[in-house]
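Colleague: Now for the letters of each chain:
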Amino acid sequence: MDERGQQTGMGNGINPRLDSFGDVDGQPLRQGHPNYPKAMRVQALLVATPILIGALVAEYLTPFPNFVIAGPIALILAGLVIFLPHRRYAARGYALSEDRLRVVRGIMFHTDTVVPFGRVQHIDVDRGPIERYYGLATLQLYTAGSHGDVVTLSGLSHEDALAMRETIRAHIKRESL
Amino acid sequence: MTENPGNAPLRQPEPAAGDPVAMAEADDALPKRTDPRTFVVQALQVVPRSILPLVAVGIAMRSDGVFGPLMIFGIVVAILAINMLFTFLRWWRQTYRVGESDIRLETGVLSRAARSVPYDRIQDVSLEQGFIPRLFGLTEVKFETGAGGSDEIKLAYLSNEEGARLRELVREMRDELDSPATSAPAQAAEEAIAAREEEAVPVLFAMGPKRLFVFGLFEFSLALVAFLGAAAQQFDFLLPFDIWDVKTWQGLLAGPGEQIAHLGLLGQVIGAVAAVVSLLVVGMLSGIVRTFMRDWDFRLERTSKGFRRRRGMFTRTDVVMPVHRVQAVQIATGVVRHRFGWKSLKLVSLAQDSGDSSHVVAPFAKAEELTPILKVSGFPLPPRGLEWHRTAASFRVVSALFAVVGYAALAVGAAVLALYLQDQRYSWLWVAALVLAGLSAFAAIRQLFLWRLERHALSPSHIYKRTGWLAPGYKIGDRVKLQSVTIARGPLGRLFGYVTLHLGLAGGHFAMGGLPRAEAEQLREALLASMVRTDFSRLVK
Chain W
1 MDERGQQTGM GNGINPRLDS FGDVDGQPLR QGHPNYPKAM RVQALLVATP
51 ILIGALVAEY LTPFPNFVIA GPIALILAGL VIFLPHRRYA ARGYALSEDR
101 LRVVRGIMFH TDTVVPFGRV QHIDVDRGPI ERYYGLATLQ LYTAGSHGDV
151 VTLSGLSHED ALAMRETIRA HIKRESL
Chain A
1001 MTENPGNAPL RQPEPAAGDP VAMAEADDAL PKRTDPRTFV VQALQVVPRS
1051 ILPLVAVGIA MRSDGVFGPL MIFGIVVAIL AINMLFTFLR WWRQTYRVGE
1101 SDIRLETGVL SRAARSVPYD RIQDVSLEQG FIPRLFGLTE VKFETGAGGS
1151 DEIKLAYLSN EEGARLRELV REMRDELDSP ATSAPAQAAE EAIAAREEEA
1201 VPVLFAMGPK RLFVFGLFEF SLALVAFLGA AAQQFDFLLP FDIWDVKTWQ
1251 GLLAGPGEQI AHLGLLGQVI GAVAAVVSLL VVGMLSGIVR TFMRDWDFRL
1301 ERTSKGFRRR RGMFTRTDVV MPVHRVQAVQ IATGVVRHRF GWKSLKLVSL
1351 AQDSGDSSHV VAPFAKAEEL TPILKVSGFP LPPRGLEWHR TAASFRVVSA
1401 LFAVVGYAAL AVGAAVLALY LQDQRYSWLW VAALVLAGLS AFAAIRQLFL
1451 WRLERHALSP SHIYKRTGWL APGYKIGDRV KLQSVTIARG PLGRLFGYVT
1501 LHLGLAGGHF AMGGLPRAEA EQLREALLAS MVRTDFSRLV K
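Residue numbers (our numbering), protein chains in the order written: chain W, 1 to 177; chain A, 1001 to 1541.
Think of the hints as simulated: they come from the structure by calculation, not from any bench. The structure displayed is predicted, hence computed values, not measured ones. By construction, the Cβ of each residue, glycine as well, lies at the ideal position given by its N, Cα and C atoms. Check each hint, because a few of them may be wrong.
Listing some non-contacts, in silico: residues in chain W with all C-beta distances to chain A over 12 Å [to be verified]: (1) Val42; (2) Val150; (3) Leu162.
Looking from chain W toward chain A, a few residues come up when the C-beta cut is under 8 Å (computed) [what the hints assert, rightly or not]: (4) Phe109; (5) Thr111; (6) Thr113; (7) Val115; (8) Arg119; (9) Gln140; (10) Thr143; (11) Glu159; (12) Glu166.
Produce the entire structure from the sequences given, and follow the hints as far as they go.
Modeller: This is the structure:
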């Protein structure tokens, strides 16, 4: 993980590998905070632990030879905890331009959403306990649309999220006057 | 009036005593209850709902000799009384207040809920008259906020006059909030225009009984047949014999049935034809009856406030849809009615229709009847000379392969099962296998036609999508009235190079599947360019 962490160690660095869907008005995609994969790893660990315990219990209760059940499950979970957070991190990015926000995410199911600031109804900055520990925040933009009515951007540093909120709010205020 | 509203003295509506409208205006600041007749209406509506439990009680006690009919009668009365009591309490504990900036509604017998809806969030006020309330001259007032479903505020029931007055009041309040600068004379002039328009508003679309009859024929529905079947299954214990037992039927038909059996093949064919014909007649009749009840005296008018739609025989609804709140339109048809040139037109709107997110403004019309409605709504038919694009061929090939392989696998499964069972009783499995094989071929042909027919185009102001093969339709969106644009790609799209373009639409969904990536990006660029030019606050006014 550290090798990749070095690569993006600058924080909110530009991600050259990511741009799968072309630029929107020439804005390169930016990556989340370097702490973001760590937070995702902790979250993955929280999900994986009870599953592993369940597998071990099943192992204990059934007469199969040792580690027939828990072995493969532990391997899969280890993969999810160790490798997946970085892959997911690398697949995510955002671009804030003058009048719109672009959010890109997903490995298998890739989505690339653009919201003009003029369509934002209200803005949330959320912080869960893990995000708080790592100094991260999630920005949520609500639109009136039924599909994709909430655009979620996770893995920002708290200051960045607040600054982006202010930018977007200032834009909305200016437009609706 | 924020705490313990139930104990505060409430003004009862005072009949007579001066001008009732002026009285009502003065009362607006105070919390009011709904019309007292509400209690009667709701109590009457409780009775049919109580019948099933009552029947259940009656049947449960049928065999119990200990309980006489008097006892059963007592229980019936008790159940009804409890229902009445709760209905009364609910009515007693529900108050509403028309404030300066919002409407407040307080409800709940034990747990109280207070809800406030600011005027500038109310998209529209619709009136709905059920059959029983209509007899009493009452109406249900709904304040549509665009939230949809259970989040909407309903006032059941107010007198017709109070409902109409409230609707006007809310609209005035909202307009005032929207344009505080409007001077009084200008407003008076506007009102005069509105009053004149009220007398002679252009009717955009109306359906007479003849049209309804034709419409009803196409609304063929076997729902009634299914319902009767289900009811027979549910209540078969009430019947004097077991209808699911073949022997019973053989016994019953011993006389005439024997004769039919002796008629041989011809008789059986005639019997089958008669059964099918009677099924068709029942289906058509139920379609016609349903259509008449729902769409009786259908009228769509263009008023100063927007589209006004009135319809219904027993439950009459009156909905106004402001034109600028129309987000997209949808023209649809059916496989059979398309052959006769009948189409339907729906508006996707911020405000929600009861139970449906879109407003049907012309359920059964010819193309030339739709054109003026489309023009008024600001969603014209595609102009000539637009560049229409197909979906990616790879998308159609993948879709066809999946459908063909899926149905073929099911067909083979059915055939293998039939071979394995080797039983005369399961010979229908062969039929199923054949049908599935047919569906498999049909799916391939369908994708071929969809590839040829499904297209989209971008005009300077609108986006058009043509859908369907046997029942072709259109979806038209306004390039400015979109909320967000998403390009999505699943694993298959990644392999074969196509994406889906989702357009965020208030009150609806507009997606275009199977686009080549480069084209989706171009479309997104063009749409975003027209979206950022206008702010949302200018869209809803």
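Colleague: Next step is simple, just say for each hint if it's right about the structure.
Modeller: Okay, the hints, checked on the actual structure:
Residue-level check passed: Val42/W sits 28 Å from the nearest beta carbon of chain A, beyond 12 Å. Against the 12 Å criterion, Val150/W falls within the reach of chain A, whose nearest CB is about 10 Å from its own CB. The beta carbon of Leu162/W sits about 22 Å from the closest Cβ of chain A, which is more than 12 Å, so the claim that it is off the interface holds. Look at Phe109/W: its Cβ gets to within about 5 Å of chain A, closer than 8 Å, so that hint holds up.
With a cut of 8 Å, the hint placing Thr111/W at the interface with chain A holds, because the nearest CB-to-CB distance is about 5 Å. Hint status for Thr113/W relative to chain A: holds, with the closest Cβ pair at about 4 Å, below 8 Å. With 8 Å as the threshold, the beta carbon of Val115/W comes within range of chain A, its nearest partner Cβ sitting at about 5 Å, so the hint holds. With a least beta-carbon distance of about 5 Å to chain A, the hint placing Arg119/W at the interface is held under the 8 Å criterion.
Violation of the interface hint for Gln140/W is found here, the shortest Cβ-Cβ separation to chain A being roughly 13 Å, above the 8 Å cut-off. Hint status for Thr143/W: holds, given a least beta-carbon distance of 4 Å to chain A, under 8 Å. Interface hint at Glu159/W: violated, since its Cβ lies 26 Å from the closest Cβ of chain A, which is beyond the 8 Å cut-off. At a threshold of 8 Å, the smallest CB-CB gap from Glu166/W to chain A is about 18 Å, leaving the interface hint violated.
In this structure, the earlier hints numbered 2, 9, 11, 12 are contradicted, and the remaining ones agree with it.
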